[in-house]
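Protein sequences, first through last, are from chains A and B.
Each residue of the first sequence is one higher than the last, beginning at 1 in our numbering.
Each residue of the second sequence is one higher than the last, beginning at 1 in our numbering.
Hint data in this document are derived by calculation from the structure and do not stem from the laboratory.
Virtual Cβ for every residue (Gly too), placed ideally from N, Cα, C.
A hint or two may mislead.
Stated by the list, open to error - Once the Cα atoms are required to be at most 20 Å apart in a straight line, the calculated EDC-like pairs of lysine to aspartate or glutamate come out as:
{"hint": "1", "chain 1": "B", "residue 1": "Lys2", "chain 2": "A", "residue 2": "Glu37"}
{"hint": "2", "chain 1": "B", "residue 1": "Lys2", "chain 2": "A", "residue 2": "Asp9"}
{"hint": "3", "chain 1": "B", "residue 1": "Lys114", "chain 2": "B", "residue 2": "Glu69"}
{"hint": "4", "chain 1": "B", "residue 1": "Lys31", "chain 2": "A", "residue 2": "Asp66"}
{"hint": "5", "chain 1": "B", "residue 1": "Lys178", "chain 2": "B", "residue 2": "Asp46"}
Claimed, not checked - Only part of the chain B face toward chain A is listed, based on derived beta-carbon distances under 10 Å:
{"hint": "6", "residue": "Leu13"}
{"hint": "7", "residue": "Ala21"}
{"hint": "8", "residue": "Tyr24"}
{"hint": "9", "residue": "Lys25"}
{"hint": "10", "residue": "Leu152"}
{"hint": "11", "residue": "Leu154"}
{"hint": "12", "residue": "Tyr215"}
Unchecked claim - Simulated DEER-style distance windows between Cβ atoms:
{"hint": "13", "chain 1": "B", "residue 1": "Lys114", "chain 2": "A", "residue 2": "Ile56", "range": "56 to 62 Å"}
{"hint": "14", "chain 1": "A", "residue 1": "Lys145", "chain 2": "B", "residue 2": "Ser22", "range": "17 to 23 Å"}
{"hint": "15", "chain 1": "B", "residue 1": "Arg158", "chain 2": "A", "residue 2": "Gly24", "range": "33 to 39 Å"}
{"hint": "16", "chain 1": "B", "residue 1": "Gln145", "chain 2": "A", "residue 2": "His34", "range": "53 to 59 Å"}
{"hint": "17", "chain 1": "B", "residue 1": "Ala175", "chain 2": "A", "residue 2": "Ile49", "range": "32 to 38 Å"}
{"hint": "18", "chain 1": "B", "residue 1": "Gln202", "chain 2": "A", "residue 2": "Met36", "range": "37 to 43 Å"}
{"hint": "19", "chain 1": "B", "residue 1": "Arg208", "chain 2": "A", "residue 2": "Gly24", "range": "35 to 41 Å"}
{"hint": "20", "chain 1": "A", "residue 1": "Ile56", "chain 2": "B", "residue 2": "Arg158", "range": "52 to 58 Å"}
{"hint": "21", "chain 1": "B", "residue 1": "Phe98", "chain 2": "A", "residue 2": "Val30", "range": "31 to 37 Å"}
{"hint": "22", "chain 1": "A", "residue 1": "Leu119", "chain 2": "B", "residue 2": "Ser134", "range": "37 to 43 Å"}
{"hint": "23", "chain 1": "A", "residue 1": "Ile49", "chain 2": "B", "residue 2": "Glu155", "range": "48 to 54 Å"}
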Amino acid sequence: MTQPDRTFDSNWAILFLCWLLASGSTLGSVFFSHIMEFAPCVLCWYQRICLFPLVIILAAGLFPFDKSVVKYSLPLAIAGWLTAFYHTLLYSGIIPESLQPCTQGVSCTEEYINLFGFLTIPMLSLLSFSTVVALLTILKMRVAK
Amino acid sequence: MKYVLFGVSCFVLIVAFVFAASYYKGRQAEKYGFMAQENASTFIRDHSPTLGSDSARVYLVEFMDPACETCAAFSPFVKQMLGAFPGQIKLVLRYAPFHQGADYFVKILEAARKQGKYWETLDVMYKSQPSWASHHNPQPEKIWQFLPAAGLDLERIRKDMSDPAIVKLIEQDLADAKALAVRKTPGFFVNGKPLQTFGSEQLLQLVRTEISASYPK
Chain A
1 MTQPDRTFDS NWAILFLCWL LASGSTLGSV FFSHIMEFAP CVLCWYQRIC LFPLVIILAA
61 GLFPFDKSVV KYSLPLAIAG WLTAFYHTLL YSGIIPESLQ PCTQGVSCTE EYINLFGFLT
121 IPMLSLLSFS TVVALLTILK MRVAK
Chain B
1 MKYVLFGVSC FVLIVAFVFA ASYYKGRQAE KYGFMAQENA STFIRDHSPT LGSDSARVYL
61 VEFMDPACET CAAFSPFVKQ MLGAFPGQIK LVLRYAPFHQ GADYFVKILE AARKQGKYWE
121 TLDVMYKSQP SWASHHNPQP EKIWQFLPAA GLDLERIRKD MSDPAIVKLI EQDLADAKAL
181 AVRKTPGFFV NGKPLQTFGS EQLLQLVRTE ISASYPK
């Protein structure tokens with residue numbers, strides 16, 4: 001009787017962690033744009049489109065715990081991860097800048113912050129999306145059992 | 001239990017955000033206050049057009065763009081403020097022509113300055129702005145039909161506006177705007193202190209604070 005309860009609880013905890021991460025990232029990105037007034041570039045907006053809904057969808061899946069939340073949130077997280085990955089490549093110069101789609105308006109390769117000498121905004125996004133994708137994948141495997 | 005955890009997390013996230021925001025804004029205000037004392041020329045250049053008494057102790061610096069709608073909408077309010085505190089405020093205009101092609105209008109303004117019609121021209125520009133500065137269909141040429149209202153010699157304007165010194169002046173202003181982290185227009189500084197949240201009430205509040213600090217009763 002206690003065993004299934006515990007798996008349920010750790011599944012819930014994984015989902016909760018995902019939500020916490022998505023919420024933290026959302027507030028972080030709002031902080032950059034609204035408080036520090038860095039204008040988000042096109043690629044940043046695509047990542048935000050994938051990130052912001054996660055806060056709502058994941059929270060909805062928490063109460064009561066609904067395992068099908070993975071089905072709806074994982075595609076968003078993966079799409080966000082792909083954009084963040086592309087953005088990071090662009091930013092670090094692995095993809096040449098001339099190939100980037102956003103030449104007008106805000107540049108996608110302009111460096112705004114550099115934490116600890118290596119951590120840039122696209123890397124923060126990639127890091128956060130990677131963790132969310134990993135956690136959701138783990139959750140997917142656990143609930144499939 | 002889960003609801004509590006969720007609620008507490010929401011609360012902590014929001015409090016952290018608000019705290020970080022006010023900390024950051026405080027740091028920025030400190031930084032610009034420091035810059036104002038150390039490096040006043042970033043705020044006011046010799047070429048900057050000014051309005052108001054030279055003995056004024058409160059300097060209102062506005063980074064503006066002739067094609068910016070909010071700048072136009074704010075202009076009567078700024079004038080009202082100058083009138084409300086006579087002789088105590090000096091308005092300094094700096095250029096931040098962020099709109100596509102807005103340099104063109106700055107050039108006209110600067111050429112008008114040579115005829116001593118700067119403020120009249122700015123007024124005419126702001127008032128006629130909707131006809132030439134629409135975002136989806138900017139028609140800079142249309143401004144010429146309004147300029148005679150400012151009492152300008154248009155032939156001279158056309159000649160003077162190609163002066164390369166104006167291009168240099170715009171570059172300097174844009175460099176200063178960047179140094180002061182002005183990314184939107186209008187960008188206001190009152191005695192070096194940035195307007196933290198945008199709005200006419202907030203600007204008036206900031207001006208009042210500086211006036212009472214500079215003119216103790």
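So, going through the hints one by one against the coordinates:
1. Between lysine 2 of chain B and glutamate 37 of chain A the CA atoms are separated by roughly 35 Å; this puts the pair beyond 20 Å, and the hint is violated.
2. At most 20 Å may separate the alpha-carbon atoms for a hinted pair to count; lysine 2 of chain B and aspartate 9 of chain A meet this at roughly 10 Å.
3. At most 20 Å may separate the alpha-carbon atoms for a hinted pair to count; lysine 114 of chain B and glutamate 69 of chain B exceed this at roughly 25 Å.
4. With a C-alpha separation of about 49 Å, the suggested pairing of lysine 31 of chain B with aspartate 66 of chain A is violated against the 20 Å cut-off.
5. A distance of roughly 18 Å separates the Cα atoms of lysine 178 of chain B and aspartate 46 of chain B; the hinted pair therefore holds under the 20 Å criterion.
6. At about 6 Å, the closest approach between the beta carbon of leucine 13 of chain B and any beta carbon in chain A falls short of 10 Å, and the interface hint on this residue holds.
7. Nearest Cβ of chain A to the Cβ of alanine 21 of chain B: about 5 Å, under the 10 Å cut. The hint holds.
8. At a threshold of 10 Å, the smallest CB-CB gap from tyrosine 24 of chain B to chain A is about 6 Å, leaving the interface hint in force.
9. Because the smallest distance between the Cβ of lysine 25 of chain B and any Cβ of chain A comes to about 7 Å, under 10 Å, the interface hint for this residue holds.
10. For leucine 152 of chain B, the suggested interface contact is broken, since its CB lies about 34 Å from the closest CB of chain A, more than 10 Å.
11. At about 33 Å, the closest approach between the beta carbon of leucine 154 of chain B and any beta carbon in chain A exceeds 10 Å, and the interface hint on this residue is violated.
12. Because the smallest distance between the Cβ of tyrosine 215 of chain B and any Cβ of chain A comes to about 32 Å, over 10 Å, the interface hint for this residue is violated.
13. At roughly 58 Å, the beta-carbon separation of lysine 114 of chain B and isoleucine 56 of chain A lies within the given 56 to 62 Å, and the hint holds.
14. Checking the proposed 17 to 23 Å range against lysine 145 of chain A and serine 22 of chain B shows it is violated: the Cβ atoms sit about 47 Å from each other.
15. A hinted range of 33 to 39 Å for the beta carbons of arginine 158 of chain B and glycine 24 of chain A is inconsistent with their spacing of about 56 Å.
16. The given range of 53 to 59 Å is broken by glutamine 145 of chain B and histidine 34 of chain A, whose C-beta atoms sit roughly 40 Å from each other.
17. Distance hint check for alanine 175 of chain B and isoleucine 49 of chain A: the Cβ-Cβ separation is about 34 Å, which falls inside the suggested range of 32 to 38 Å.
18. At roughly 19 Å, the beta carbons of glutamine 202 of chain B and methionine 36 of chain A sit outside the given window of 37 to 43 Å.
19. Remark: the range hint 35 to 41 Å for arginine 208 of chain B to glycine 24 of chain A is upheld by a beta-carbon distance near 38 Å.
20. Take isoleucine 56 of chain A and arginine 158 of chain B: their Cβ atoms lie about 57 Å apart, and the range 52 to 58 Å holds.
21. Roughly 22 Å separates the CB atoms of phenylalanine 98 of chain B and valine 30 of chain A, a value that falls outside the hinted 31 to 37 Å.
22. At roughly 42 Å, the beta-carbon separation of leucine 119 of chain A and serine 134 of chain B lies within the given 37 to 43 Å, and the hint holds.
23. Take isoleucine 49 of chain A and glutamate 155 of chain B: their Cβ atoms lie about 52 Å apart, and the range 48 to 54 Å holds.
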